[in-house]
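Number of protein chains: 2
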Amino acid sequence: MSAKRDMGRPTALRDLAEVRRWDREVDVIVVGLGAAGACAAIEAKRAGAEVLVLERAGGGGGTSALSTGQLYLGGGTAIQQACGFEDSAEEMYKYLMASCGPNPDEAKIRLFCDHSVEHFSWLVAEGVPFKESFYGEGSYTLTDDCLSYSGNELVHPYPEIAKPAPRGHTVLFDGVESGGVLMQKLVAAVDRSGAVVQANTLVETLVVDPHRRVVGVVARIVGGEQCYRARRGVILTAGGFINNREMVDRYAPELRKCRLRAASDGDDGRGIRMGMAAGGDAIRMGNGCIVLPISPPKILIKGILVNRRGQRFIGEDAYQTTLGEVALLHQAGEIFLIVDDETFARPFAPAEIAAVAESPAELERELGFPEGSLQHTLAVYNEHASRGEDPFFILFPGLLKFFPW
Amino acid sequence: MSAKRDMGRPTALRDLAEVRRWDREVDVIVVGLGAAGACAAIEAKRAGAEVLVLERAGGGGGTSALSTGQLYLGGGTAIQQACGFEDSAEEMYKYLMASCGPNPDEAKIRLFCDHSVEHFSWLVAEGVPFKESFYGEGSYTLTDDCLSYSGNELVHPYPEIAKPAPRGHTVLFDGVESGGVLMQKLVAAVDRSGAVVQANTLVETLVVDPHRRVVGVVARIVGGEQCYRARRGVILTAGGFINNREMVDRYAPELRKCRLRAASDGDDGRGIRMGMAAGGDAIRMGNGCIVLPISPPKILIKGILVNRRGQRFIGEDAYQTTLGEVALLHQAGEIFLIVDDETFARPFAPAEIAAVAESPAELERELGFPEGSLQHTLAVYNEHASRGEDPFFILFPGLLKFFPW
Chain A
42 MSAKRDMGRP TALRDLAEVR RWDREVDVIV VGLGAAGACA AIEAKRAGAE
92 VLVLERAGGG GGTSALSTGQ LYLGGGTAIQ QACGFEDSAE EMYKYLMASC
142 GPNPDEAKIR LFCDHSVEHF SWLVAEGVPF KESFYGEGSY TLTDDCLSYS
192 GNELVHPYPE IAKPAPRGHT VLFDGVESGG VLMQKLVAAV DRSGAVVQAN
242 TLVETLVVDP HRRVVGVVAR IVGGEQCYRA RRGVILTAGG FINNREMVDR
292 YAPELRKCRL RAASDGDDGR GIRMGMAAGG DAIRMGNGCI VLPISPPKIL
342 IKGILVNRRG QRFIGEDAYQ TTLGEVALLH QAGEIFLIVD DETFARPFAP
392 AEIAAVAESP AELERELGFP EGSLQHTLAV YNEHASRGED PFFILFPGLL
442 KFFPW
Chain B
42 MSAKRDMGRP TALRDLAEVR RWDREVDVIV VGLGAAGACA AIEAKRAGAE
92 VLVLERAGGG GGTSALSTGQ LYLGGGTAIQ QACGFEDSAE EMYKYLMASC
142 GPNPDEAKIR LFCDHSVEHF SWLVAEGVPF KESFYGEGSY TLTDDCLSYS
192 GNELVHPYPE IAKPAPRGHT VLFDGVESGG VLMQKLVAAV DRSGAVVQAN
242 TLVETLVVDP HRRVVGVVAR IVGGEQCYRA RRGVILTAGG FINNREMVDR
292 YAPELRKCRL RAASDGDDGR GIRMGMAAGG DAIRMGNGCI VLPISPPKIL
342 IKGILVNRRG QRFIGEDAYQ TTLGEVALLH QAGEIFLIVD DETFARPFAP
392 AEIAAVAESP AELERELGFP EGSLQHTLAV YNEHASRGED PFFILFPGLL
442 KFFPW
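Read top to bottom, the protein sequences are chains A and B.
Positions 42 to 446 (the working numbering) are the ones given, in order, by the first sequence.
Positions 42 to 446 (the working numbering) are the ones given, in order, by the second sequence.
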């Protein structure tokens, strides 16, 4: 087996007997200083532990710092209240249970929802800033606004399942890169907490005792290998694996088609591979967050999304991650947004103009669609839209548009 | 964690130090006597090993005995030649590489194809009977015939990628239950080989030495626990996990919708869970073989498959497993085959008659489809079918039918 193929597999373990000496001893070691690592470190310290955070990069942030800095919080946070939106833990729970796939983890979702207001207050107390404002142009914010619909809450059939509320809470920053602010604040909070952060330290291997209990880590720093003992536990928060070609091939080959990868260099799956080596059971490894936003600007939702057969396949108001999944996994990664002059706007997200035409028939030809396909789709759509209806995807009448072709 | 949730997780391991005595010692232990276990046992014995096969049921057969007894073989087998079909390992390889998903295992497919003729001869030599005949009504045979197209070889775009050949080789039996004959013959071959079969023996745990090497198994028989040493290796062939609710929930929740499960009681995932406990890396756990045949009878392929939006979504000639996957995973498990009086026939596979109507408009209403949806689908289909074309899925002209509605 080649070293390269090994990159897709669990790491080796180090037996305690092989550790000659501990270079350092603490209660809890946190591997990775992204959002999860920061929260874990702060809380472990607060619980009385001596905490050492090991980060492979030159400083904290990780992939969280590259994110849009949007947190899914609800149940009646201060921002939701200030903006006039009613919400409850129960409605949030009902929505998530219905929208998190075929086997949602009920206990985890319950816990997440019941403590969501508390999580928001925790973030604020740690210095993470939010503005008391609502943004209606899309699921992520291009401005310094906070609250947005960052899911399918308003999308059929969810309004019938749970009372909709916007729950995306974006950290205060004028632009999309709010994740940087989130991590700047959380890293500062870790420093204040008294947890010790050691950067430029790549944790490579877990150390196990004869009972296979994890008792420390082996890390690489400039100058060589170090062994750190963790008296009470090691917390792995070393994220995803999208930058590990072998793991993507092995576990999530469908994701190879994604062009832009929102990930730090460190997302090479080492955290997962170490956990697996210690007997951890990695599940849902094929899942990824596949994002394909058509808004902002919101007017583009009035366009019509079709596949290569000229058929509509999803409501145009679908959450960007739902659209991304369906487009990549069910439509071979190729979808088209049809707009007329009145609806056209330059999308914020990267997209190509595939064709421009004067009629549906011409557009079909330009795009290589089957003759009649798009024409019929538009004809049926128009028939219903003229009555303010969409029996296909139950779009809100306000999102429908009559295409006067 | 409850015992029930434990059913979804790797089993415990037994340390060698805890084994007080070996109840039996052999070179190779094979766990499970389905098709894979039988082949492994025969070949291990032939290679000179002392072989013990442990089967939890009262006798060999397993899920293989419940199958249609169809083996994918090609490259120019005696049956292919007798029936006048040309094939080569290279064409078989090209087809499988193109049709086995986004990350096919090239080395394994190459090996499989290069030795396929040899595999066929091996089965014949072990006493597995095949008739020199071709069956054209569907991918599995209702008769005693052997050869059939059991894949997408004839389906667009595969004929352009590889020269099509029928490669489904069904074991001689007059009916669909050829798997019983396959296993009857293979179990007899195991007995002849000199491998020892011990039934009513449930292997529960692997035994590992201090280097984590697997050196034996712990098994449950009537009367208690036994420990068997394997000097040279343990081969796990204890199949799938469709009858383990916790594993399905955990790894393949989409498959919960499947109504009929072609599996023996023993398919509770214990083989996989034991392998994982020993450090085995279980991959593609979300995959299942989801079968949804519309033929035989073949005339039903002339119908039109649509989803709940009245749209065609796949070529009607698609292989039953491709159709099953797309129907379950992309169309929420709900699809409709539209046929007229001329095309109607009672399908062999279970199916419900959802509605009967005199016109597409009436059928739409009966099925609750959006108004105009099916009418437009049929109109576009008819336009093309009248010219002998299907630009949507490139069906063979002979499979197209003009619907005179």
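Do not take every clue at face value.
Identical copies go unnamed one by one, so any copy, or any two together, can satisfy a pair.
Straight line, CA to CA, 27 Å or less: simulated BS3-like cross-link-like pairs of lysine-lysine [what the hints assert, rightly or not]:
no., residue 1, residue 2
1, Lys172, Lys442
2, Lys298, Lys135
3, Lys298, Lys149
4, Lys298, Lys442
5, Lys339, Lys149
6, Lys135, Lys204
7, Lys135, Lys226
8, Lys339, Lys226
9, Lys226, Lys204
10, Lys149, Lys442
11, Lys226, Lys172
12, Lys226, Lys298
13, Lys442, Lys135
14, Lys226, Lys442
15, Lys172, Lys298
For the record, the hints were derived by calculation from the structure and aren't laboratory data.
Every value quoted in this text rests on a predicted model; they were computed, and no experiment measured them.
- request: Could you work out which earlier hints the structure fails to respect and list their numbers in ascending sequence?
  value: As far as the earlier hints go, 1, 4, 5, 7, 8, 9, 10, 12, 13, 14 and 15 are violated by this structure, in ascending order.
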